[in-house]
Amino acid sequence: MVILGSPHFSIAEFKRLAPLVAGRRADERVKFLITSSRLMKELADEAGVLAPIVAFGAQITLDTCILASPMLPPEIKTLMTNSPKYAYYAPSLLNTRVTFGSLADCVQSAIEGRVVRNESVWQAV
Amino acid sequence: MAGRVIAGRPIVAGEAEGEALVTHDALSFWGGYDFHTGEIIDKHHPLAGVRAAGRILAVPFSKGSSTTTAVLLEAVRAGTAPAAILTTGADAFFALASIVADVMYGKSFPVIALEPGDFASLVTGARLTIRRDGTIDERPPGGRC
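Protein chains in written order, with this note's numbering: chain D, 1 to 125; chain U, 126 to 270.
Hint data in this document are derived by calculation from the structure and do not stem from the laboratory.
Nothing here was measured: the structure is a model prediction, and the numbers come from that model.
Hints may be right or wrong, so weigh each one.
[What the hints assert, rightly or not] Cross-link-like lysine-lysine pairs, in silico, DSS-like; alpha carbons within 27 Å at most: (1) 188/U with 232/U; (2) 168/U with 188/U; (3) 31/D with 77/D; (4) 31/D with 15/D; (5) 188/U with 85/D; (6) 85/D with 31/D; (7) 168/U with 77/D; (8) 85/D with 168/U; (9) 15/D with 85/D; (10) 168/U with 31/D.
Please model the complete structure; the sequences and the hints are all you need to start from.
See the structure below:
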């Protein structure tokens, strides 16, 4: 499962995500969840960036997050996220494993149905 | 080894007695402390899996969410909070939990700030007695009670 937005995906993030997912589709085995706020979702809709994200297969939950509300399906054992906050707290609070990656990594992993990471960003310069 | 007296600064004054549980890593109680059990549950923390309820927790400062205060307050209500908290500076999140617990539940716990050198010399298992003026009597672990 890919989870974005701890606690709330921002309008800037919606705008960055839209071109990454436009015309593509998440693998049906992957849940792609975004937690955001009502206001940010409305702004994303007005900016025209919400539709491609929904078409990609993203589910959007408003005004809470996976750490504060029990919304994770029990079969979910591993999360992929670009949020350091989700990555830090999920193992303790949700007993899941975590893979940390960039927004583009999260999208590509959702498309391929396996963890894909651009390791070059982690290499020392 | 004989006992000693440590001069602490009471951020929230009070009396407590118990066994020291010492860590040099900051802790977020939100996501890091289970108020049902009094156990430290942050899997990244060296004290993960250790029960701090009723012990005197020496932790340099809180980190992360301000909800640390709410979790600690719940722990006081549930009877699973540390008996006292020793820090290296005035930690507003810990102090607030104790102050509000006093107002809401009539139960507070001492929060005492120590000089960094004194804090660094603390060891888990020592028996500590905290007095209202912030002084702490320490008996080394394994000593006679």
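Hint check:
| no. | hint | result |
| --- | --- | --- |
| 1 | 188/U with 232/U | holds, 24 Å |
| 2 | 168/U with 188/U | holds, 15 Å |
| 3 | 31/D with 77/D | holds, 12 Å |
| 4 | 31/D with 15/D | holds, 20 Å |
| 5 | 188/U with 85/D | holds, 12 Å |
| 6 | 85/D with 31/D | holds, 19 Å |
| 7 | 168/U with 77/D | holds, 16 Å |
| 8 | 85/D with 168/U | holds, 14 Å |
| 9 | 15/D with 85/D | holds, 21 Å |
| 10 | 168/U with 31/D | holds, 25 Å |
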